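K.L.:
Chains as they are written, first to last, in our numbering: chain A, 235 to 709; chain B, 235 to 709; chain C, 235 to 709; chain D, 235 to 709.
Treat the hints with care, as some may be off.
Copies of one chain are not kept apart here, so a pair can be met inside one copy or by any two copies together.
[What the hints assert, rightly or not] EDC-like mimics (lysine to aspartate or glutamate), calculated; alpha carbons at most 20 Å apart, straight line:
| # | residue 1 | residue 2 |
| --- | --- | --- |
| 1 | Lys406 | Glu696 |
| 2 | Lys576 | Asp312 |
| 3 | Lys643 | Glu405 |
| 4 | Lys699 | Glu405 |
| 5 | Lys384 | Glu649 |
| 6 | Lys406 | Asp312 |
| 7 | Lys576 | Glu318 |
| 8 | Lys643 | Glu240 |
| 9 | Lys576 | Glu287 |
| 10 | Lys576 | Glu311 |
| 11 | Lys471 | Glu257 |
| 12 | Lys699 | Glu318 |
| 13 | Lys702 | Glu624 |
| 14 | Lys250 | Glu405 |
| 15 | Lys708 | Glu496 |
| 16 | Lys633 | Glu311 |
| 17 | Lys247 | Glu547 |
| 18 | Lys699 | Asp473 |
| 19 | Lys702 | Glu542 |
| 20 | Lys699 | Asp263 |
| 21 | Lys638 | Asp396 |
| 22 | Lys576 | Glu439 |
To be clear, the hints were calculated from the coordinates, so they are not data collected in a lab.
Nothing here was measured: the structure is a model prediction, and the numbers come from that model.
Number of protein chains: 4
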Amino acid sequence: MRTAEEYMEKLFKMRKNVYYNGELIGRDDPRLRPGINVICETFNYAADPQYEELLTATSHLTGKKINRFTHIHQSPEDLLKKQEMTRFMCQRVGGCVQRCMGIDALNALSVVTKDMDDALGTNYHERFLNYLKYYQENDLVGNCAQTDVKGDRSLRPHQQADPDLYLRVVEKRKDGIVVSGAKAHNTIAPYADEIIVLPTRMMTEKDKDWAVAFAVPADAEGITQIIRISNPRPRQKLDAPYANYGSADSLTVFDRVFVPWERVFMCGEWQYAGQLALLFATYHRHSYTGCKPAVTDIIMGTAALVAEYNGVEKASHVRDALAELIAVAELVYGAGIAAGVKAKRAASGTYIPEVVYANVARYHAGVNVYREFELLAELAGGLPATLPPEGDFYNEATKGYLEKYIMRKAGISAENQHRCFRFISDLLVSAQAGVKQVAGVHGGGSPIMEKITIYGQYNIEEKKKLAKYLAGIKE
Amino acid sequence: MRTAEEYMEKLFKMRKNVYYNGELIGRDDPRLRPGINVICETFNYAADPQYEELLTATSHLTGKKINRFTHIHQSPEDLLKKQEMTRFMCQRVGGCVQRCMGIDALNALSVVTKDMDDALGTNYHERFLNYLKYYQENDLVGNCAQTDVKGDRSLRPHQQADPDLYLRVVEKRKDGIVVSGAKAHNTIAPYADEIIVLPTRMMTEKDKDWAVAFAVPADAEGITQIIRISNPRPRQKLDAPYANYGSADSLTVFDRVFVPWERVFMCGEWQYAGQLALLFATYHRHSYTGCKPAVTDIIMGTAALVAEYNGVEKASHVRDALAELIAVAELVYGAGIAAGVKAKRAASGTYIPEVVYANVARYHAGVNVYREFELLAELAGGLPATLPPEGDFYNEATKGYLEKYIMRKAGISAENQHRCFRFISDLLVSAQAGVKQVAGVHGGGSPIMEKITIYGQYNIEEKKKLAKYLAGIKE
Amino acid sequence: MRTAEEYMEKLFKMRKNVYYNGELIGRDDPRLRPGINVICETFNYAADPQYEELLTATSHLTGKKINRFTHIHQSPEDLLKKQEMTRFMCQRVGGCVQRCMGIDALNALSVVTKDMDDALGTNYHERFLNYLKYYQENDLVGNCAQTDVKGDRSLRPHQQADPDLYLRVVEKRKDGIVVSGAKAHNTIAPYADEIIVLPTRMMTEKDKDWAVAFAVPADAEGITQIIRISNPRPRQKLDAPYANYGSADSLTVFDRVFVPWERVFMCGEWQYAGQLALLFATYHRHSYTGCKPAVTDIIMGTAALVAEYNGVEKASHVRDALAELIAVAELVYGAGIAAGVKAKRAASGTYIPEVVYANVARYHAGVNVYREFELLAELAGGLPATLPPEGDFYNEATKGYLEKYIMRKAGISAENQHRCFRFISDLLVSAQAGVKQVAGVHGGGSPIMEKITIYGQYNIEEKKKLAKYLAGIKE
Amino acid sequence: MRTAEEYMEKLFKMRKNVYYNGELIGRDDPRLRPGINVICETFNYAADPQYEELLTATSHLTGKKINRFTHIHQSPEDLLKKQEMTRFMCQRVGGCVQRCMGIDALNALSVVTKDMDDALGTNYHERFLNYLKYYQENDLVGNCAQTDVKGDRSLRPHQQADPDLYLRVVEKRKDGIVVSGAKAHNTIAPYADEIIVLPTRMMTEKDKDWAVAFAVPADAEGITQIIRISNPRPRQKLDAPYANYGSADSLTVFDRVFVPWERVFMCGEWQYAGQLALLFATYHRHSYTGCKPAVTDIIMGTAALVAEYNGVEKASHVRDALAELIAVAELVYGAGIAAGVKAKRAASGTYIPEVVYANVARYHAGVNVYREFELLAELAGGLPATLPPEGDFYNEATKGYLEKYIMRKAGISAENQHRCFRFISDLLVSAQAGVKQVAGVHGGGSPIMEKITIYGQYNIEEKKKLAKYLAGIKE
């Protein structure tokens, strides 16, 4: 397993292919550091004996100890552990731990490559296992690039005016394939080692050229990352762990990128594109049953804290709001547990979380995101929106006034009051708050997508039969 | 194990102590039959080899096969089985299976009698185990009488104007105790063998006389049951399994009822009253994680059916509504699974469902009850409220008109359209619908009670610490 | 203006054409009386000098004083008065006052007959005014029969397997037309003088024969009413005004009914069918801005009462629930006021409520119906579902027990506690409760219909322009 | 009436007493300009003949034409006009128009100064009218400073550890009073001419020194403004009107500020403090019935636009979301109309919006704020959170890629797609978005405050009487 330092060392040597606001930047650009810090923690905690059991696993390929973020789930217990690890890590970094993406993609590939081989006589699974061994042994960090830019939403890939609006194979060579297109919303990509590309949807035969899956280094020739960085509002003096962690998303452009065959895991098998897309979604929604409760944990802890500082922690509307937040967190986490417990074993030996539970959990998280921010805003009052900037707390002309007038409950220092409200101001009233909201709705698939999956995967006919039985309808 | 016939045979021999709308009625009164039919199914399915594994268990006392409705949970698996059995049985009888009450009370007593003995040196647990053996061997049906009538809600038991407003010990004798008071909302009591009395709340030392738990036959001397029967609207000709199952609730008056010591399981140990009350609630809320999804199953199946009959099953608002119903059912069931998986073993060996998961599940069910009826009403349209009574469908003067004008989607007969809408009319527009709604909110404790439990049992301080950590607050 | 007695005298002489549960019944059947009682109050209050201003108006045709339920709105003030009258009357009869239907239909016809004449050179308006004069002078009670049974919901009238699934003209004669079909959900029809038939939807040219509007006596030859009666649960001794008022709905079958030309107000003008349908909906939804707040008034008053009786009226969750109910009632009523104030004058001189306000008000009422029942259920607790029937309160064997154990807050007699909970039990746990819920969703058009109207009638393009302006998008 | 230029000319001459992030800044600091731009528009549109009727009024004191933002409402029509003006102006500046604060405070003072004089024989009203004349003739811009910092929320003003935690009179002199304390959340203060101070709550006799109201120039001796600026994310090249408008909020510290008697409008009349606080709230909540619908207009217009650009504008979930947004906007606006129509005339001649309608409207707006952002986020998808910064659209290395891959619906240029999503990104994912959310909840009083007002001002006893009447309860 790598250390954080080794991860960064490799990272900083990569080819410069990341653009930010008009500049070509290095991966050692300080603005990327908050995102990198998040990934570093996944190495740090794995190296900490206290968290070893949670953060590491035993490779089913090599029997070696590996970072759990590179593990293929071999049992329901593995899924429960992964869920628990995700909640824990997201608590520590104050939000998305990001590294789940890659391993969710690999778990999905582990299943589908085997299924394809069994049905079609291809040999993707062996290739995949070789790649996986490399990934585990080098303790890599992977982005999953799934979402195409999609152009006109009412048209299929092959119907688009510009065929590149979905990523596709433009050339097949003896030694590999050449692909073009762009993938959007690629969190972690600017500081990932690898990019794992999956199809974004079900395909028809005419979409064959768009049914493609593979892995490439994140700085491979022909790849351009155009990114947006979402860091917390920087602090001047008032340090806070929260302020150290951020993220960046890439629009990843593939301009005739060559991929050698040993890294190609689907190429034209359009019948399996939908299954692969859905499987990644299932694993990733299962990840959300860990990360979203962590975000709710932060919101509820903060809400409880500000209620205490305001001296209203025993008010019934406060307890009501906290109980509502707990219910959201634990319904999502509880349904996630059910998804793990009821997981099914695929032909490859990989365990797949039960799809309905994974989806109702992610759905419930998704429809409550804005509500959670609303609850915190209600309890925190208006101050997060009007809190003067830090500088005024250090200027002699205003410092005294601010320290005098921020006082609330006896026994809580002005500094802690300040820290509390500065934190809430960053949580609620910042660009990053907007990112958390939008990502909370759309990340891993929005509630509307989960509803489609839930309805599509559920045995509703059996429930109609039940209704007919009770109503006395015979046919 | 008993048969349904044996159950009824014993039942019909009991002392007449049931009053209904001004009459003293026998337990063989036909108006009680729909409730009795529900209980009969718990014997019938247990006797059916196909359902044997689900409906029976092995007694940890005797090693014999027993009805699972008399079993003390010995493992998380037992809790998962019980949840599954409850959902299945409630589907078959179109609503509350009722028999869970008794066994939920016994599970709670199994834990608390042991804890009291360990702490106070009493010998309740042995008594309890003897009683349990009797209960299992005779395959009994038990009501749990917990809720006192409570008088002024702002006063404790000992502060009430009339001390009987909470049930209490009025006399202690050598051979037993004498109790007076009344317990409300006692579903199943008019056709139960036994009534198991538990305290309804936390008590203080001054409430000592009210801290009492025991079991008595439902027709014991001094007991008067004043009941309300809630049956489906009776059918004239259009038979439907749904119409065969109902329920009855008793206000059970205890007027100087004698209880021999061997049936007394708490008498004055006020410190344990709250724990016993909460434990029963936990088991019963866990039961709700099985029964409420079953009610949602019926509603969703019916909603899907009427959408099909109306020819709109593919409309997006229909799929949306169905997905919402599925999400309610499976979030409740999923969190119930988590409650089972994360169950803890008590000193007595009994497994206790994890309290937060049991409560968030019951809470989510409770806050969605009316919403579920609303969704069905939206999809069914206005006809359930204005459907002419059955008689008009058989009268030659009107029959033809009704069969002509009820036609909707081609291929669905007038009779099946009729059956479908008659069923929905009974589900939505009947006194029993109101019972289902009110019971869905309050049965087993209303959402407001679950919120109190959730908040009270959750480690919110740990979440505040998390917020402080991220905000950089040190103390 | 008529008296209640004169209304009934005429009613009881009508031809027997009402079927109920297999019987042909007279309009003097006691089971119809609760519905008739509602209508009687519209005569009684109009005759009461205290309410005269609210309940009467001046005919714009004759200058005579008329019952406001027969008035064509001549100003925004008329609309405000009608809304106020509706809320008041619904409070007095504990629910739907029913008589608004007829006058809402006539107001819609007053507008469209004029518009048709102006555009097409027909002479419907004069006919209509003659009929209106007759209606006002005889102080008639009218049902509006709009909703066709509709068969397959995905087909237009002319596409249905059976052409009668929408009511249509089957023959045109010199002296009038002959119509066949059936209209559903015709509240008030069994005790109305007249039935006013309107089209239920937009029509195409091929649906010409289905574009028809007219008025007939409710017992005209060829009309068969097949009804469902929805009365409150009957009381044995515990009288309550609420228990005196009910309703009945008819499936009204037209089997070759002859309508003389002077009573025909549309016959083939398919282009105006949609406008007429929508206009009736607009007037009727405006009526809902009066009646729905009255239903909320009853629910909130009852909720406040039971909270007082339970001794928890100062609890914050109680005040919260009451404030939520007030907000529902007054948002609906307030938007209804806006609909009146912003009303527009049609060519006929009739004022039309502003359509968006009328629809958002009805929509808000519709989406809150089940929520209002839920709030009352939450505050009332479980007793409404398990309250023993009245008879037990009069049986010497049980009376004492019930009066002892129903006691709650000091100073409230057992009888009043009984009255309070009996009332709530009827409000929440009865077939009529189901009718109120379903009618609250679907009556006058369900929320899904209002959303369609709101979206269709709103100037959303203007709002898109605003967005473009702010975003700097020029085209 | 002034021009925007005259307003700014006076503004830029004011004493420097505004601190921002550690600096003492001039009112001509460019970072204040977006806020100032908003105020300028209130002069510009008043000067535009097209909007003159809406933006100006006739002074009831002088008969002269004045800016409506300085007018005391003389009729219900004035209130309707003000509501309409507010919606219009907020649409033009893309959010809060800010200038309503001052005139809302003056309207409240116009009523209470008269009431105090009538009851107590003081002469505040004359003073007030003189000040008002000055305010109108100089076309001033006023901030209303109401909210005290409040310290420990469970203590009254006189009980606080530090008496300055509520602003108070520290000295009375012959020529005036001296005050100390601080007022929070003072939007507009850094670019207002005047600060109008009102009490924030009901007071007891012991809080007498805190019952004080007055007006001072915003740069008066002893006043320090410590501000937070909330501007839209700055644009590099892609101009958009939206990006020109912002706001700033001040924590306004009063350190022994002298106020001459002619500017003092309450001083010790603690009995009227609550009334004055509530009246300002009523006027300000009435203002919200204009501004909040404007914010919803922007959100719905943008949602409709992005749906069009994505090619899904006809999808039913899109229409559903838009109808929901319309319903929110128009229920709030409609109830605001009702508040105007049902306004009552005070002794001073000023019209007061009906308090319940003003509060249910503001309440409905408040509980829907986060929901509105959620709806826009749902329709816009994830791009607003990951859209690369502007710079990448101008860098030759990335420009082509971005313009290629942003293409969606045929016929919409890459630039307009860019403008659309950049705008949404600023609306949803920016610090200003957070300000809009928090201000939408708390500005003018949060929903919890409105619920208290609604419950407190409503005649709930009358509704209990109605329930008793229907239930047959006589007392």
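K.L.:
At most 20 Å between C-alpha atoms: does Lys250 with Glu405 qualify within a copy, between copies, both, or neither?
P.N.:
Neither way: Lys250 and Glu405 sit 26 Å apart in one copy and 68 Å across, limit 20 Å.
K.L.:
Is it within, between, both or neither when you check Lys699 against Glu405 at 20 Å Cα-Cα?
P.N.:
neither (51 Å within a copy, 45 Å between copies)
K.L.:
At most 20 Å between CA atoms: does that hold for Lys406 and Asp312 within a copy, between copies, both, or neither?
P.N.:
Neither, since 38 Å and 56 Å both go past 20 Å.
K.L.:
Within, between, both or neither: how does the pair Lys576, Glu318 come out at a Cα-Cα threshold of 20 Å?
P.N.:
Both, since 16 Å and 13 Å are each at most 20 Å.
K.L.:
With identical chains, the pair Lys699 and Asp473 could be close in the same copy or across copies; at 20 Å between alpha carbons, which is it: within, between, both, or neither?
P.N.:
Between copies, since 17 Å is at most 20 Å while 61 Å is not.
K.L.:
Cα distance capped at 20 Å. Does Lys471 pair with Glu257 within a copy, between copies, both, or neither?
P.N.:
between (28 Å within a copy, 16 Å between copies)
K.L.:
How do Lys576 and Glu439 come out at 20 Å by Cα distance, when the copy is not named: within, between, both, or neither?
P.N.:
Result: close neither inside a copy nor across copies, 33 Å intra and 46 Å inter.
K.L.:
Indicate which option fits the pair Lys699, Glu318 if close means a Cα-Cα distance not exceeding 20 Å: within, between, both or neither.
P.N.:
For Lys699 and Glu318, only the inter-copy Cα distance (19 Å) is at most 20 Å; the intra-copy one is 38 Å.
K.L.:
When no copy is specified for Lys576 and Glu287, does a C-alpha distance of 20 Å or less occur within a copy, between copies, both, or neither?
P.N.:
Classified as between: cross-chain Cα gap 19 Å, same-chain 23 Å, threshold 20 Å.
K.L.:
From the Cα coordinates, with 20 Å as the cut-off, is the pair Lys699 and Asp263 best called within, between, both, or neither?
P.N.:
For Lys699 and Asp263, neither the intra-copy (61 Å) nor the inter-copy (32 Å) Cα distance is at most 20 Å.
K.L.:
Within, between, both or neither: how does the pair Lys643, Glu405 come out at a Cα-Cα threshold of 20 Å?
P.N.:
neither (69 Å within a copy, 28 Å between copies)
K.L.:
When no copy is named, should Lys247 and Glu547 be tagged within, between, both, or neither for a Cα gap of at most 20 Å?
P.N.:
neither (51 Å within a copy, 47 Å between copies)
This entry does not satisfy hints 1, 3, 4, 6, 8, 14, 15, 16, 17, 20, 22, going by the numbered hints stated previously.
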